[in-house]
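Number of protein chains: 4
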Amino acid sequence: VTRARKRFREILFGSVCVPAASIFDPLSARIAHMLGWEVCKLSGSVAKAADLAVPDGVPMANISDMVDICRRITRVADVSLIVDADDGGGGALNVLRTVQELEAAGVSAIEIEDNQVPPRIQGASSRHALLVSKEEHVGKLKAAVAARRDADTVIVARTSALHQLPLDEALDRIRDYSRTGVEAIMLPGLPPRGLADIVALHQASDLPLCLLGLPLEATKDEAFLAANNVRIRFLGLGTYKVAVKAIHDTLKHLKNGGSPADLRDREASEELLQAVTRIPELLEWERTYVVQ
Amino acid sequence: VTRARKRFREILFGSVCVPAASIFDPLSARIAHMLGWEVCKLSGSVAKAADLAVPDGVPMANISDMVDICRRITRVADVSLIVDADDGGGGALNVLRTVQELEAAGVSAIEIEDNQVPPRIQGASSRHALLVSKEEHVGKLKAAVAARRDADTVIVARTSALHQLPLDEALDRIRDYSRTGVEAIMLPGLPPRGLADIVALHQASDLPLCLLGLPLEATKDEAFLAANNVRIRFLGLGTYKVAVKAIHDTLKHLKNGGSPADLRDREASEELLQAVTRIPELLEWERTYVVQ
Amino acid sequence: VTRARKRFREILFGSVCVPAASIFDPLSARIAHMLGWEVCKLSGSVAKAADLAVPDGVPMANISDMVDICRRITRVADVSLIVDADDGGGGALNVLRTVQELEAAGVSAIEIEDNQVPPRIQGASSRHALLVSKEEHVGKLKAAVAARRDADTVIVARTSALHQLPLDEALDRIRDYSRTGVEAIMLPGLPPRGLADIVALHQASDLPLCLLGLPLEATKDEAFLAANNVRIRFLGLGTYKVAVKAIHDTLKHLKNGGSPADLRDREASEELLQAVTRIPELLEWERTYVVQ
Amino acid sequence: VTRARKRFREILFGSVCVPAASIFDPLSARIAHMLGWEVCKLSGSVAKAADLAVPDGVPMANISDMVDICRRITRVADVSLIVDADDGGGGALNVLRTVQELEAAGVSAIEIEDNQVPPRIQGASSRHALLVSKEEHVGKLKAAVAARRDADTVIVARTSALHQLPLDEALDRIRDYSRTGVEAIMLPGLPPRGLADIVALHQASDLPLCLLGLPLEATKDEAFLAANNVRIRFLGLGTYKVAVKAIHDTLKHLKNGGSPADLRDREASEELLQAVTRIPELLEWERTYVVQ
Numbered sequence: 169v170t171r172a173r174k175r176f177r178e179i180l181f182g183s184v185c186v187p188a189a190s191i192f193d194p195l196s197a198r199i200a201h202m203l204g205w206e207v208c209k210l211s212g213s214v215a216k217a218a219d220l221a222v223p224d225g226v227p228m229a230n231i232s233d234m235v236d237i238c239r240r241i242t243r244v245a246d247v248s249l250i251v252d253a254d255d256g257g258g259g260a261l262n263v264l265r266t267v268q269e270l271e272a273a274g275v276s277a278i279e280i281e282d283n284q285v286p287p288r289i290q291g292a293s294s295r296h297a298l299l300v301s302k303e304e305h306v307g308k309l310k311a312a313v314a315a316r317r318d319a320d321t322v323i324v325a326r327t328s329a330l331h332q333l334p335l336d337e338a339l340d341r342i343r344d345y346s347r348t349g350v351e352a353i354m355l356p357g358l359p360p361r362g363l364a365d366i367v368a369l370h371q372a373s374d375l376p377l378c379l380l381g382l383p384l385e386a387t388k389d390e391a392f393l394a395a396n397n398v399r400i401r402f403l404g405l406g407t408y409k410v411a412v413k414a415i416h417d418t419l420k421h422l423k424n425g426g427s428p429a430d431l432r433d434r435e436a437s438e439e440l441l442q443a444v445t446r447i448p449e450l451l452e453w454e455r456t457y458v459v460q
Numbered sequence: 169v170t171r172a173r174k175r176f177r178e179i180l181f182g183s184v185c186v187p188a189a190s191i192f193d194p195l196s197a198r199i200a201h202m203l204g205w206e207v208c209k210l211s212g213s214v215a216k217a218a219d220l221a222v223p224d225g226v227p228m229a230n231i232s233d234m235v236d237i238c239r240r241i242t243r244v245a246d247v248s249l250i251v252d253a254d255d256g257g258g259g260a261l262n263v264l265r266t267v268q269e270l271e272a273a274g275v276s277a278i279e280i281e282d283n284q285v286p287p288r289i290q291g292a293s294s295r296h297a298l299l300v301s302k303e304e305h306v307g308k309l310k311a312a313v314a315a316r317r318d319a320d321t322v323i324v325a326r327t328s329a330l331h332q333l334p335l336d337e338a339l340d341r342i343r344d345y346s347r348t349g350v351e352a353i354m355l356p357g358l359p360p361r362g363l364a365d366i367v368a369l370h371q372a373s374d375l376p377l378c379l380l381g382l383p384l385e386a387t388k389d390e391a392f393l394a395a396n397n398v399r400i401r402f403l404g405l406g407t408y409k410v411a412v413k414a415i416h417d418t419l420k421h422l423k424n425g426g427s428p429a430d431l432r433d434r435e436a437s438e439e440l441l442q443a444v445t446r447i448p449e450l451l452e453w454e455r456t457y458v459v460q
Numbered sequence: 169v170t171r172a173r174k175r176f177r178e179i180l181f182g183s184v185c186v187p188a189a190s191i192f193d194p195l196s197a198r199i200a201h202m203l204g205w206e207v208c209k210l211s212g213s214v215a216k217a218a219d220l221a222v223p224d225g226v227p228m229a230n231i232s233d234m235v236d237i238c239r240r241i242t243r244v245a246d247v248s249l250i251v252d253a254d255d256g257g258g259g260a261l262n263v264l265r266t267v268q269e270l271e272a273a274g275v276s277a278i279e280i281e282d283n284q285v286p287p288r289i290q291g292a293s294s295r296h297a298l299l300v301s302k303e304e305h306v307g308k309l310k311a312a313v314a315a316r317r318d319a320d321t322v323i324v325a326r327t328s329a330l331h332q333l334p335l336d337e338a339l340d341r342i343r344d345y346s347r348t349g350v351e352a353i354m355l356p357g358l359p360p361r362g363l364a365d366i367v368a369l370h371q372a373s374d375l376p377l378c379l380l381g382l383p384l385e386a387t388k389d390e391a392f393l394a395a396n397n398v399r400i401r402f403l404g405l406g407t408y409k410v411a412v413k414a415i416h417d418t419l420k421h422l423k424n425g426g427s428p429a430d431l432r433d434r435e436a437s438e439e440l441l442q443a444v445t446r447i448p449e450l451l452e453w454e455r456t457y458v459v460q
Numbered sequence: 169v170t171r172a173r174k175r176f177r178e179i180l181f182g183s184v185c186v187p188a189a190s191i192f193d194p195l196s197a198r199i200a201h202m203l204g205w206e207v208c209k210l211s212g213s214v215a216k217a218a219d220l221a222v223p224d225g226v227p228m229a230n231i232s233d234m235v236d237i238c239r240r241i242t243r244v245a246d247v248s249l250i251v252d253a254d255d256g257g258g259g260a261l262n263v264l265r266t267v268q269e270l271e272a273a274g275v276s277a278i279e280i281e282d283n284q285v286p287p288r289i290q291g292a293s294s295r296h297a298l299l300v301s302k303e304e305h306v307g308k309l310k311a312a313v314a315a316r317r318d319a320d321t322v323i324v325a326r327t328s329a330l331h332q333l334p335l336d337e338a339l340d341r342i343r344d345y346s347r348t349g350v351e352a353i354m355l356p357g358l359p360p361r362g363l364a365d366i367v368a369l370h371q372a373s374d375l376p377l378c379l380l381g382l383p384l385e386a387t388k389d390e391a392f393l394a395a396n397n398v399r400i401r402f403l404g405l406g407t408y409k410v411a412v413k414a415i416h417d418t419l420k421h422l423k424n425g426g427s428p429a430d431l432r433d434r435e436a437s438e439e440l441l442q443a444v445t446r447i448p449e450l451l452e453w454e455r456t457y458v459v460q
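Protein chains in written order, with my numbering: chain X, 169 to 460; chain G, 169 to 460; chain H, 169 to 460; chain P, 169 to 460.
Think of the hints as simulated: they come from the structure by calculation, not from any bench. Just to be clear, a hint being listed does not mean it is correct.
A pair counts as met if it fits within one copy or between any two copies, since identical chains are not told apart.
Below, in silico cross-link-like pairs of lysine-lysine (DSSO-like), each with a Cα-Cα straight-line distance of 30 Å or less [said to hold, decoys possible]:
1. LYS302 x LYS423
2. LYS413 x LYS302
3. LYS420 x LYS174
4. LYS388 x LYS174
Bear in mind that the values here come from a model prediction, so they are computed numbers and not experimental data.
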């Protein structure tokens, strides 16, 4: 955990923009680890879908659910895990528990966003209505920073202000968020004014940025990324979506009477399966510590 | 749970051989449920691999791990779940806890096998050495039957006796197992003497059979299946193996700099994704119970 | 579970008022079971205090926490458990998950109250402000009833309307609650107009009543209890409070250098300790099922 | 966690013998923390009794159960926790998982003992038969040391060799255990030859000692303790035993129709109850971080 947090800080305060693997459960995290991904992002949407079959954006899942998932992930994958903590579970009091439990579950970075979770799937008619007031949110971010027991844990201010407010007002918020002790700013998607908003954001805050939804050309423009302090970029939720289709197609094939033999080409090799369950390392462990 | 158990009994004591979906986590169970699979089988190997990244056949995972996985499965999928409880966790005392906790987790059928879990990955040089004595195992099966709190829960005697013992001795065991109150016999794979062993088994026990590893021609020979009381057949671990490859290939593609856009064809449709998280049902629930 | 639910219904729809044991964790539930208590009540306040060290009346604990506690209680104690589910976890959507998970954890009755959980310890200046609107709450109670998977699970409408509203308005609410399919009404304490309110409540609803805070003379007035359909009465949170003091005094004595020998008189007997861990039953189990 | 581990090391490698509080659940750990206890000891016997109602010394509880209890303890109590991991869960392979999961649960020290857990309550006729071979146990201890992810976690070699073997053979074992990288030796009770065995043990190993069952005069003989490197001493299981009796007497009193009012003197004060749930700290937190 300590090492994973330190590696994450090196990336965040380094000079290169690193992509993060989107994972959704222990298995996908384990495979990401095997492939050498350093940073993994656990979005609430896919975590809750895979474990609880509930949609995101309604409060049917809670922080204890997310803590359990994170704990099961960090025990099988030595990666730096960024976790989506929604609105921190409520007010500053909830943020205290949220941060401490996610930290105990071994995550490296915790996102607290300035949007409330809507009480219904349909959400509020105006997303704007769901923005927590600036004063309240600044208090929550300070609480999150103070709640940490390990100073290496990073609190990330995830904000949809640029999506919901006039630019000036949004930047004013982000400026205030940046003074709370949080160590990164995250945008949930490309803001309405595109890359220009990112430039403006960087002028308002010198914190490193974590971005979702960058257009392809931007991800290749290393000068742009470096100039604007973009340190982590996300690549969408493909891992989960591909897994859902693969599982679905397999079970549908068999349900329709298809032969298991037809699946061979789509199945992992024996070597890959053994790597997932750590058989090579465990055999070595046996050779070292078990009397023959 | 009650309904799932009753449906399972109808299949077991019916007249048709039904295939079971192999699932390994809540997500695959949820998708099996959506596709109309009635019976799902949770093998220890894939359950432990996906959740804990540990191999099967060593005691690194325990019954509490399996209980947790079953509980998370039954809360998202209304299916009849058969769960692999290895050797029941140890002796007759452990069987008591194992059966009661798996039952509380909502499973429909619990397999207790007559092999011990080997202490090492390499296993014993002779699998034979791992067979629990007949007397001890009969006591464990009786204990499993007595431990149930719901008489609808099915205890399944899973046996590798046919694989490890001379035919007579194996049938003698199975005859004794059949008198303990268990309600089905399961074979972990096609026995050494092939279908002839299944015929012999059926002559020794009139309990319904659950079989793994049936050759393709046998699965299509309905007269054979009916004549030998074969009620559930398994189709291998394809679901897990396909998911591992899909996740691996996706994360490898992105790690190598591939574009997220290239994944589109392999991703689940929006409709499928919404079905996983029950959005249609939940919206209907909101329309019915939330004041507009 | 099935039997515990049926026993609870017999009490609820019987003719006698039964006291419920206040328990707060698996140990106290186990001891209540040993002493023959049929009904146990798990209040959120003591459950959260003992397991999480968080106060009641703030949303620091969530439904997953309560589910975990209930599950651990029902596995060691064969009692009918009434559990405090606060406001059901939020709106009608949350009620769906809350009811299904508590049911899966083996409880017999689930209380859903018409007060929101305040976001802060200090609460709202006026408790009145926290009452959920009648229409919304009726929807939530209907949702709770519909969410059950076992028709024997009892949904209890816990209401503080009598404490916060004029009598007419309160009775109007309770009348509407009574038509939702809930099967009992619970008051969190003696209402402001005392026993007269209970008489009025009974005239408004013929559902059985569960009461906290009855004055001593009322608990002895069997004619009053019978006439007003009072079926379950609570006896305060003494179990928890006594345990806290016992643990505190012991650890303080030893911290101050006191001798462990001084504690002897306050320690449970060996026989009692063995009963907690079921040693007599387990030895009998071994004699029956383990080959000697 | 980091600080708790460092504080524990200071005691272990300091010059004073410190008593450890015996705790059995989050509530008792929280109260120990409030009273200023620095070191808490979680014995398997009371942990399993309180949470699972199963006896010690049979394998009905497993390492996942203990991990869950430890995690719930460390989230409410900032203490250095020593946990009893029995035989480490089995061989060297199990030790790997046991150590990593207990470490992730925030404990400071993990005891691995050289006795196997007997398969039955009655145990083996000779305890001697249950001693793991020296070679195997040395491998397990080396595995435990290597499994740590935080070098500050202490592995404790708990041994009953002095109770079961001739002195020379016992000391030979302890000498070998001491060279595996473990950082303390623990005795489960006063050895057969009394304090003389402790002197002999200290001559065989210069590791700090953790002792259970010291006679009263020895605990006061600071010269003896210092001379023999005794750093932690245990005070029996009084906390649990007193709690069981307090809960039992309360529930029995009420079951017999006794008045709740009679319990007043035995109940914790309001101030103590508020301290358990951290109300003073949380109110201060609200004043600091919640916009008024």
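Since the copies are identical, ignore which copy is meant and state whether LYS413 and LYS302 lie within 30 Å (CA to CA) inside a copy, between copies, both or neither.
neither (41 Å within a copy, 44 Å between copies)
Checking an output row: LYS388 and LYS174, CA cutoff 30 Å. Within, between, both or neither?
Within one copy, since 26 Å is at most 30 Å while 46 Å is not.
Up to 30 Å between alpha-carbons, please classify LYS302 paired with LYS423: within, between, both or neither.
Neither way: LYS302 and LYS423 sit 53 Å apart in one copy and 38 Å across, limit 30 Å.
Could you place LYS420 and LYS174 in one of the four classes (within, between, both, neither) given a Cα distance threshold of 30 Å?
Cα proximity of LYS420 and LYS174: across copies only (25 Å, versus 44 Å in one copy).
Comparing the model with each numbered hint stated earlier shows that hints 1, 2 do not hold.
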